[in-house]
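Respectively, the protein sequence lines represent chains A and B. For the first sequence, the working numbering gives the first residue as 1, with consecutive numbering after it. For the second sequence, the working numbering gives the first residue as 1, with consecutive numbering after it.
Every clue listed holds true.
Straight line, CA to CA, 30 Å or less: simulated DSSO-like cross-link-like pairs of lysine-lysine: (1) B/Lys422 <-> B/Lys511; (2) A/Lys106 <-> A/Lys55; (3) A/Lys98 <-> B/Lys144; (4) A/Lys64 <-> B/Lys144; (5) A/Lys55 <-> A/Lys98; (6) B/Lys352 <-> B/Lys422; (7) A/Lys98 <-> A/Lys64; (8) A/Lys98 <-> B/Lys129; (9) A/Lys106 <-> A/Lys64.
Heads up, incomplete: computed chain A residues facing chain B, CB under 7 Å, no partners named: (10) Phe94; (11) Lys122; (12) Gly124; (13) Asn126; (14) Asp129; (15) Met132.
Pair ranges (Cβ atoms, derived): (16) A/Asp156 <-> B/Glu100: 55 to 63 Å; (17) B/Asp76 <-> A/Asp148: 36 to 44 Å; (18) A/Ser190 <-> B/Ala248: 55 to 63 Å; (19) B/Ser249 <-> A/Asp148: 51 to 59 Å.
Just so you know, the hints here were simulated from the structure itself, not pulled from any lab data. Just so it is clear, CB atoms sit at the ideal spot from N, CA and C, and this is done for glycine as well.
Listed below, chain by chain, are the residues.
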Amino acid sequence: MPRLVALIGIVLLCSASAHAAELRGRVVASDGTGVAGAVVFLRTPVPPPPGVPPKSAVMDQVDKQFVPRVLPITVGTEVRFPNHDQIHHHVYSFSRVKTFDLPLSKGEEAPPVVFDQPGVVKVGCNIHDWMMGVILVVPSPVFATTDDGGAFTLRDVPEGEVAIGAWHDASETAIDAATQRLTIGAAPPSDVTFTLAVRPDKARPAVHGGRGNP
Amino acid sequence: MTWWATRRLRTKIFVAIAALVVGLLLATLWLVEQAVSRQAERSLTHELMVTGEVFQQLLAEREERLMSNSILLTGDFALKRALATYDPATLATVAVNYRERSGVDLLWILDEQGQMLADAAGREPAGSKAADRPAVAAARETGKPAAAIAAVGDGLVQLVAVPVLGPEMIGLLVLGTAIDDATARDLETRTGSSVTFLTADRLFASSWDPATRGRLVLPTSGGGVPYLTTLPSGRHLSLLVPVAASLASPLHALVQRSWDEALAPLRSLRRRMALIGFGALLVALGVGVAIAQGVTAPIVELVTATREVLRGNLEHRVAVARHDEIGTLATSFNEMTGGLEERARIRAMIDKVVSPEVAHELLARGLTLGGELREVTVLFADLRDSTAIGERLTPTALLELLNAFLSRMAHAIEQERGIVDKYVGDEIMAVFGAPLDLPDHAERAVAAAIGMTEALAALNAERAPAAPLRMGIGIATGTVIAGNVGSAERMNYTVLGDVVNLAARLQGMTKEHEVGMLMNEATQAALPARFATRGLGTVTVRGRAAPTALYTLDHPRSS
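Please take these sequences and the hints and turn them into a complete structure.
Here it is as structure tokens:
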């Protein structure tokens, strides 16, 4: 019986991939200009295929900055925080999604951190207040980052009714308000536009608790 | 004006000097007082303005200190980690702990939305909204530390709200120090000025005692300009310094400095100046008295001298011991009395040389040549046999005798208001009716002749047993020219005319007619009835064409 279930799962997966679509669009600010570095992702969870080892990602520390500054990952991804500076860093996060701190690593590699809940994780360095990074944990591997013109190409979008959300670090638009429900069929909607209220220079409180979960 | 006019000169001079000195003194005192008081006011005002600035700096420093303390506190990783738990129970203890550690009066921990998580004082419940509290709103808006002065509970608190970064704002730490009476007293110690924090309707803190606080009023206008306030402890210069605060009505710091205390040196100066002024006044009054005395004393002396002169004492002189105007006046006075004395002496001398009447006439009419026609009676008297008498006597004795004779004759003539015109040796010429108007000049001349005869008899009686003196008298009445005769430099008052010659001739003829006196017809005709006259016929007098009728007095003693 379990084999049968597994078989059906594989078939479903194959058929899903067989019927996957590509979604193109733009993320713009209120004034119509493209927003670079925004993350567009599928909010509908897609269970990971069993047996597939957890994905891995890296948030590097180079020249007292997090690289990349914004790191979108799928739930369950383990993230390594290698330190390429010749000084100590103390990477931490107080985000509800994942609270951790990796005290004073220099040259050595701390054990990776697994992010098992979707949400926004603000990452800082306790001894360098200006160092800021964001790890966006999304429910599925279906996500994309906008280019300099704000354009994105979302691949492997499953057919049917889906919820697609857009997020940016400086966005003041709640994630639910930046979510579009789309029906993906033989001819996927072209040129989907997400509008975000972005205030680039605005310091923004990191949200805690249940608020702001993607 | 009447008062002034009737006062003594000494009083006037004294009053004038005293008024001048008092006026000058008062003006000086007033000017100095004005200058010093203005200076004191200016420096006190300046001090107060500086205090106002220092005061604002002190408030700013307090805020900065609080701010840097708070920033250091919020950098504490343990605090960040504790805050990230968002557990009110834990954070309440954290708040108390941090308040103790930093020594502040108020410590709140808020979440990033501005909700109260913990209040060290336990007054504000967890979960209450604090987002729109002063400083908190600004800190949340800008993401940077913000400060404010606000009312918390029933007191005034200087607040700072500092975001806690993890790495973005995960919450806020609010620290506050109370602005209470102790703060005001501390500021008073540091600035030397009394300090009160108040709004239009409320007094928050003050360094004043409770009694004085009740008297403090916020002026309706005039911020930034010092003004005077009267308080139980004296006058104070007050300055209203605006303090930025998040209150319903504007908060002010009332900075006050004692005006009376600042002016104490001025008061002492004023006392000293009044003392010096009083001394100067006394000296000036003394000097005034001396000056008044110096001016009036010689005047009094001059007045005394004038009275002496008025009484006829022309020998009185004023002592002169000065060279000013008064000295000049005294000298002039002395010269004047000298002149008067000289004139009186000359007048007395003139009276002796000429008859008083002639002297008077001369003085009255002035010494001018010329004369007037008048009817007069001229009398000539001559001592008979004087040559023989002269031979018997020494010149001194002769002069003595002549003087005795002439003076008695002159006396008799003057008795009848005649004037002795001249003496020519033992001869006397007298005129009646000039220069004095005498209507009865003929009668007077005859009366004088009788008087002369009697006077000679008396003289002879005195000289007995010496040989008696005899004389002849000629009297003629007629028109003459009377006036000053001579040169412009030297002149005589006399009468000229035929009558004068006639009288002289008649005198000469007495001897041959053996009578004491002869008169012409005009004289005889002018005599009243009581004089008995006797005609002696007519003679032709030398130099006269018409014969002249001669008369003599028949009974001279019968009158």
